[in-house]
Amino acid sequence: MAEEVPFDFLHMEMINFVFNPPDDSKKEVKTEEGMTTLESLGFRVGQGLVERLTKDCPRFKDELDTMKFICKDFWTSVYKKQIDNLRTNHQGVYVLQDNKFRLLTQISIGKQYIEIAPRFLSFTCGLIRGALSNLGITSVVTAEVITMPACKFQIQIPRT
Amino acid sequence: MSVPDYSQSAEDHQCLLVVVKLIGTQIKSKSYHRLFERISRLQHVRIPGQQRSMWLRYRKSYTTDSNEWGDFQAHRKAMGLVCLGKCTSNSDVEALTKDYKEMKRYYSQTLFDSRCLLFGVSAEETDSVDDKDSGVGVDKNGVEELLSPSSDVVGTCLDQLDTKNDSIQDEKRGMVNEARQDSWSGVIVYPSSEHCGQLEEHLKEFACSLFWVLESKVLDRTYEKSDKLPLLMAPFEKSEGVTIDHEGRAFKKRCQGRLRKQMGDLNLMAGLPGEAISHYNAAIENLKSVNDWLWLGGALEGLCTSSAVILYPEPQKAGQLTRNSSFGGSGDLLMAASQHTRRRSGFLKPNKKAGSFTSSSLPNGIDRYDYKIKNCLTPEEVIEKYKEVVLHYSKFKAAGIIETEASIKATRILIIQQKNLLASEFLKNVLFINLQLADDEKIQRYCALSQLYSQIGMERKAAFFKRVAAMQCVAPHNPNPAWAQCYHLLLETLKGYKLSLDPKDAPRGCSVGWPVIQIRLLHELVVTAKRMGNTAIAIRHMQFLLHQMNQHLTDDERKEMAVMLESYTAKAEGGPIPLVLDSGIILPPVPFTRLPIVRSFKLQNLAPHLKPHSKAKKNMPAPINKSPFIYSPIQFGSIGRSKSKIEFEWAESDVCEVTMQVYNTMPFELKVDNMSLLSEGGQLETFPSSLSLPANSGPYPVNLLSCPQGAGELKIIGYSATVLGVRSHCRLRDLPQFKQQKHMVQVAPALPKLQVQTSLAKSATFTSLADCGSIVTSGSISLYAGESQDCTLSLSNISRQPIESIELSLDCKLSKRKASKFFHWDNSRIMSVLPIEPEKSAVMNLCITAVSDFLAKEKVQTDEDASRGDLSRKNSSVSFCGPCDTYPTKTVEAILKFEYTGGAGMVGQYYRECSVSLHVEVLPSLLFTKWDVLPAEIPCMCYLVFDILNTTDHEMEIYYSDSKCVIIEADETSRIPYQVERCPLAKILKLMSNDTSIDSICRQHVADLVDIRWQSPTLETGGEASIADIPWSGSMVDMIRMSPIEWEISLNGQVCKSTEENSYRVGQPVILTVSINAYTEFFHDDITLNIQCYQDHQNGVLDYMPMDKFSIVGSRTLQISQACLKETFEHQCSLLFFCSGQFKLDVFCSSKTVQEDTSPSTIHTWKCTPVIDLGVSDD
Amino acid sequence: MAAVCVAVISKENYPLYIRTLPTANELKFHYTVHTSLDVVDERINSVSKNANDLRELYLGLLYPTEDYKVYGYVTNTKIKFIIVTESSNTTIRDNEIRSMFRKLHNAYTDMVCNPFYVAGNSITSKSFEKILHTIVQE
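Protein chains in written order, with full-length UniProt numbering: chain A, 1 to 160; chain B, 1 to 1179; chain C, 1 to 138.
Next comes chain A alone, as it looks inside the complex:
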């Protein structure tokens, strides 16, 4: 178990660092600003990670195939479990639902922290977007928390 937690700790510290920077020059980091920082961090990690993870995968047949990869292999490698539910409208919208999202499990269940929960999702949004972008899919990824540790990631792929 111990070998699985470093990422969790790192992620927590990352959020801490972004929203409460050590130097007092910036008194208050705006939520959106911090989220963007985290998202772009995630984007770069996703890009690099997917390069490595897809090394032994067969070529993806189509978009859905790629999504399945994200839900299974990709998710497992980062969060040690698979996405619980994948839904799509077949028009470029995919909803990935994780009923026990790893990065939220350490936060107490209830309404207390639901406001700051998005902070714990933006890195992952970037991660997904980065992974997809490197796989040739341009997308917009948003997330929402329904009830604490469950959350949904919505991937929108603009159709031109």
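Treat the hints as calculated values from the structure; they're not laboratory data.
You may find that some hints are simply not true.
Stated by the list, open to error - Partial chain A-side listing against chain C, Cβ under 10 Å, derived:
#1 Gln47
#2 Glu51
#3 Arg52
#4 Thr54
#5 Lys61
#6 Tyr113
#7 Leu135
#8 Ser139
#9 Ala143
#10 Glu144
#11 Val145
#12 Ala150
Said to hold, decoys possible - Chain A side only, calculated, beta carbon under 8 Å to chain C, not exhaustive:
#13 Phe9
#14 His11
#15 Gly48
#16 Val50
#17 Lys55
#18 Pro58
#19 Phe60
#20 Lys68
#21 Gly136
Yeah, the Cβ is synthetic: ideal placement off N, Cα and C, and Gly gets one too.
Given the coordinates of chain A, work out where chains B and C should sit on it, guided by the hints.
Frame of chain A, contents of chains B and C only:
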């Protein structure tokens, strides 16, 4: 048949080949071409009375050795011939018909039918011909009809039935003609190539006749007879004399197989693909058994083509529609091919424009074979069979061309099937076929391959082969290298290599395409253009290479290219205009925006004293910068600015400036010549500058100067420069480092320039006043306080415009009144010298007076206190504090502003301003250290007493009060009395109505009366000493003004006079009667009358409260109500003295009750003057 | 002695890295590799149409020319690897080509993890070159 026909497609197998030949010499190639186009529009003909139709294809020329392959594949046979000729006379007709016959003989082996179309003989002439030789196939009706406009076939869809009837009639007539006179058979004469509306009809008729001949062959069932069949042979088989066993079953089978194959061909052409397939299948069976590979291949190909014709009937129709859509497209085959990407359209010769003829020749609803035909191959099978076909053909070296064409046909089918990979394999096969080709034929081959590759979406391969073709043009062994052709082929490869010659298309930041190859290609373009002899183009490409590909080049390459470019431009300078090639391709200019890189581009305003100001703008109300909100996100000021958009104001014919910073990032020294501004919307005379930038260095400042030549709006849009011999126009909008695309400048009409000089010395220090930008000169002077001096200002006009108006104004920290006293000039004098013509000057005088308050500022407060003390002690025995050791010199700064205009600028309501900064040092001359007001002997006069301190180092004479004079040594003080009239009440009343305080009226009153002048013989100077600034205290002012109260005092009933002393004895009661007449205008409140008696010990001691020495019977203090004042008021009381001595009576009124705590300023006291003396003696 | 030319090509089809035998005419291989991209593109695009196709990263022989054989490989992130061998070299088997590509792919993914590498830039990594050296010179 030495060259493959790269335009072949499977459909061509069903087309009947018609050769359209030019005879005679009178038709120009252009009109021949036009006629050919017109004829070749007729591709599809419906056979009248039949549920069938036939297809035609046309060729301009066809060699006999190609024709010889006709036995092998019937569509290679020239079955029809159309000759075109132009004649002007009957003799021409004769000659042309002879030529026509010659042609017929040439193709006689294969010809089914022929026509000769002659142009240029009018109806009458043909009539005569007709008369002479009745066999001429002139369609008289046709010609007549043709003359009536209604029958002009263009655009009208002919009724089907009519057409049919007509053509049948035509046909009959043609046959009759043929029967009558062989030499005239098939000759049709038109008045001219423009008037041949029947042409299409005649062609249709001709097509029908071909069809019937074909039909007769199709119906020939001789192949069924098994004996004595001829052996059809391919040309090379004949010449090689292949030894074939002419006997036996195998030979017979071979003959039969080949014949069946030919029958298949004919059936296909006759519009019966179903029949054809069965023939082919039979042939395949026969030929396979005897290993006749070549013909087996032929039969298989026939099978494939018939199937293709059945499977893909649409393209022909679709093709026609696309041609419609590509109307107006140029005749360039490749252009058209690239337009219709993967569709079939490239298939049909795209240079044929769609016309109504074609649409009328292919009526709607024609019955195509869209039902299932037995044994028709599936699309996959077609390709499989084609692979076999190619395999079989490849066994024969002489069949290389057939193999090539078969591969291309297969490719075209695969394009329809969108199987690009398979198609590319067929194309690759074409490359492996070894053909003996001449250089230009090779070029043709590579071009054709390139085009096909591009149709299957393989742009890179297409570009590669296009480049190979280009290289072939200038192959080293080629004695006449075709550089121009090579160049144009190379240009066509640009797309495949993702290279756009327009720098604007280049994406910023990321690279596109393959840099190494792109650089190579550009190099080749440069060399080719150079070899073509077109240096301008070579320079343009070189520019592009050096500029756009810069990041991919090594330093050495950059240097090398720069040298090369310079060597090219040494002969012809590279220009900034787009180059248009013969082919219509435009090579846009490549401005060297990065050689050097400009990092900043700033327009400069004119110097403040030259800046034009607009009167119109000045008169406008200032924009409201205030908003009712304390904070507003909207910047009102900025909105106003963006509306006007004018950033700078320049003036006509004044040199203006733009400053830039440039960097050279190249590894070589960069010489920039003729760098100047680019403008729009106004004339700008530029003064080019040149600079030389060492390798990899920067920034360097550059100033670009220019001079606007006309008033109005001017847009500065960039700069131009010559670098490496190339003139570039670098527009700001092309420079990504600048956000602003242009700068708007308002150019004011020409304005004069004024130069101002003063007679004063230039000042050493700069003015501390805020608005100092427009200062052109300065003057400084030292004056003693009160001194005045004249100075002259010379105004010269240094421009070519007259100065017609000058307005002077003064900016100074002093009050306006003081300033105007300090600096004085005569406006009317200035007006009188105007206008100042160009190159002329004028002089004006300025009088400077060192106005001073003559007060030692820091002492004022104490002086005041002292003087107050004096007053209360009545007799002023002045004890003043010693003078300060140094008295500071004061400095007065002023700016004299000239607003002037003239000439064109004046009309445009513009003006300029320039200023002179003036520096006046005011040295102290004398100071009033103390002052007081004393009552004079007469009530209407008073004495002003001044203590004057000479602060100069020299003796000073003071002149005052008409003719009085005192001499004061340096640093000495002298007291002077000055008797003046008190300020009369009438004057006060008069002026008070103007809201002026009594205080200032009195002050002014004395200032006007007092005239103190000083003269310093040593300094040879002198001046006035104004007392205007002396702060008289309230009681002094009361003294200065006439008392508003008139007194009459009687003692014991005797009116006392001031001069005489009244003597009384001790114990004698003295009755004091005070009667007051007051001017009520000055009193708003009650006043208090006070009677004060005191003993004067005559030794300077005044005893105010000697209660034991006298007593007053009656009230000493009395409130008088305002009402009582209106009339003369009288008060009486008695005095009783107890001892002898000198007593004095002070009678005074105060405006308010004297209370100890009231601030003194509000109390006005009016004394009865002079004081009444009472001498009391003992006896 | 196996490959005569190895190339790494970006998503946007510009070269990230190209290495040829030192003796070879490099420009020629530039052309060969560049034109082979047409086939790679076509292969990638046609895959989605035919679901039955093997969805291997290895694309196999792209096309043979008279002198060379061109093999292709595409990663899921659309990075292309091209290996060119001499046609005369008949001893090379498909498996060897595959293993070369594997090696190349491993080297590439390792290289991407270099913190100083920016995706899309030319590859200048020394360790990557070392591995490529073994492929070309083997």
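Quick rundown of the hints versus the structure:
With a least beta-carbon distance of about 6 Å to chain C, the hint placing Gln47(A) at the interface is held under the 10 Å criterion. For Glu51(A), the suggested interface contact is upheld, since its CB lies about 5 Å from the closest CB of chain C, less than 10 Å. Interface hint at Arg52(A): satisfied, since its Cβ lies 5 Å from the closest Cβ of chain C, which is below the 10 Å cut-off. Below 10 Å, beta-carbon pairs count as interface contacts, and Thr54(A) has one with chain C at about 4 Å; its hint therefore holds.
Look at Lys61(A): its Cβ gets to within about 6 Å of chain C, closer than 10 Å, so that hint holds up. With 10 Å as the threshold, the beta carbon of Tyr113(A) stays out of range of chain C, its nearest partner Cβ sitting at about 34 Å, so the hint is violated. Hint status for Leu135(A): holds, given a least beta-carbon distance of 6 Å to chain C, under 10 Å. Interface hint at Ser139(A): violated, since its Cβ lies 15 Å from the closest Cβ of chain C, which is beyond the 10 Å cut-off.
Taking 10 Å as the C-beta contact cut-off toward chain C, the hint placing Ala143(A) at the interface is violated, the least distance being around 24 Å. Of the supplied interface hints, the one on Glu144(A) is violated, with its beta-carbon coming no nearer than about 29 Å to a beta-carbon of chain C, more than 10 Å. Interface restraint check for Val145(A): the shortest CB-CB distance to chain C comes to about 31 Å, outside 10 Å, so the restraint is violated. Against a cut-off of 10 Å between C-beta atoms, the interface hint on Ala150(A) is violated, since the closest Cβ of chain C lies about 29 Å away.
Proximity of Phe9(A) to chain C is violated relative to the hint, the smallest CB-CB distance being about 21 Å (cut-off 8 Å). For His11(A), the shortest C-beta to C-beta distance to chain C is roughly 19 Å, which exceeds 8 Å, and the interface hint is violated. Below 8 Å, beta-carbon pairs count as interface contacts, and Gly48(A) has one with chain C at about 6 Å; its hint therefore holds. Checking Val50(A) against chain C by beta carbon gives a least distance of about 7 Å; that is within 8 Å, so the hint holds.
This hint holds: Lys55(A) has a C-beta 6 Å from the nearest C-beta of chain C, less than the 8 Å allowed. Hint status for Pro58(A): holds, given a least beta-carbon distance of 4 Å to chain C, under 8 Å. A cut of 8 Å between beta carbons decides the hint on Phe60(A): the least distance to chain C is about 6 Å, and the hint holds. Violation of the interface hint for Lys68(A) is found here, the shortest Cβ-Cβ separation to chain C being roughly 13 Å, above the 8 Å cut-off.
Taken as an interface hint, Gly136(A) checks out: its beta carbon lies about 5 Å from the nearest beta carbon of chain C, inside 8 Å.
Hint check: violations occur at hints 6, 8, 9, 10, 11, 12, 13, 14, 20; the rest are consistent with the structure.
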